[in-house]
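Visitor: Sequence:
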Amino acid sequence: MIIDKMTKRYEAINWNKIENRVDYSAWSRLNDFIWEPERIPVNEDKPEFKKLDDTVQETFLRAFGSLAFLSTIQVKIGDSSVKMASATPQEFSVFNALNYLESIANKSYSNVIQALAHFSKTNSYIDWANDQDELQDLAELLDDIYRNGTPLQKKVALSFTEMALYHAGFYAPLYLFGQGKLVRSAEIVKFAIRSTSFNAMYPGVKFRLELDEKSKEEQQEIEKWTYDFAEKINKLMSKFIKKIYNDVGWDEDALNYFRYTMNKNFMNLGYSMPYSEDADSLSEVIQKGVIKSANFEDFFFYSNENTLTNFHEVK
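Start counting at 1 in the sequence shown, then tack on 416, and there's your number in the working numbering.
Note that these hints are calculated values from the structure, not bench results. Here the structure is a predicted model, which means the values were calculated and not measured. Each residue gets a CB set at the ideal place from its N, CA and C atoms; glycine is no exception. Nothing false has been slipped in among the hints.
Straight-line distance between alpha carbons at most 20 Å, and here's what the computed EDC-like set of lysine to aspartate or glutamate pairs gives:
hint : residue 1 : residue 2
1    : K523      : E454
2    : K537      : E464
3    : K658      : E668
4    : K651      : D667
5    : K704      : E693
6    : K537      : D470
7    : K704      : E668
8    : K655      : D553
9    : K651      : D553
10   : K640      : D628
11   : K640      : E626
12   : K597      : E464
13   : K492      : D547
14   : K659      : D470
Quick list of simulated restraints, FRET-style, between CB atoms:
hint : residue 1 : residue 2 : range
15   : D543      : E634      : 40 to 50 Å
16   : D696      : K648      : 25 to 35 Å
17   : D663      : I429      : 47 to 57 Å
18   : S699      : S540      : 22 to 32 Å
19   : Y426      : E626      : 17 to 27 Å
20   : T504      : D663      : 44 to 54 Å
21   : T471      : I450      : 30 to 40 Å
22   : K462      : Y691      : 30 to 40 Å
23   : D663      : Q530      : 21 to 31 Å
Hey, can you work out the whole structure from these sequences and the hints?
Guide: Okay, here's the thing in structure tokens:
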């Protein structure tokens, strides 16, 4: 009896034979983003939190509920899907690690809710997020791309989620921190943004490198697809932002901030920015919140000796 040999060949990931230095650079920086949410005493914000208007309290906690919802999509589907479509063996390992960092941030959002909400309402903010039609529609859109999209489309979806969609939820703690309030909650957001921004930048760089290898026609197709996809999420998030921030009067500024971050990710992908919002469009309060939480450039363009890429603030 003759036994056929396996036709599929398995190979080790060889870090001594790196096809793309970007992967090594990214891996070298991952330890910078590991953190422990439990070490930040968010419960010490509670006395100040209880002095806020009830509507502000609800808005704040719902924002963290929405962050938990969106982050769960990335933890369960997004990073894993992009990882399976990796262009290099080392890229697979980087996305594997980024999924762990995403899980840390995901847990931190629940930590904030648990620390600040009345114990009888802790679960209600996650339930509220689960029940929002805009978030469900967004999840369905992302899920379809992660399951059925091309490798480049998956990287686009991942980067917009990390660098833009999350910021609809980040807005509330950043706005309050711009007023000098809830500093420990802002510390959670600071660490979360550092890791999520990197989780947008890395696929953004890999996207551009892979796009360069495509034909002119293919490049035009993915560019059109990207702008169409961005407009879909812009419409969904515009409705959601109005819903969550209208009662406290923050909706217009939050929308400006969201579109500003959308523009940031277009830059990240190497495309021109379609929205008029820039740094000058942001309110003074939200600018203070962003800048106080961490170096403004760090939020979107964090760098150390293993530089991934160079960007500069554009006004």
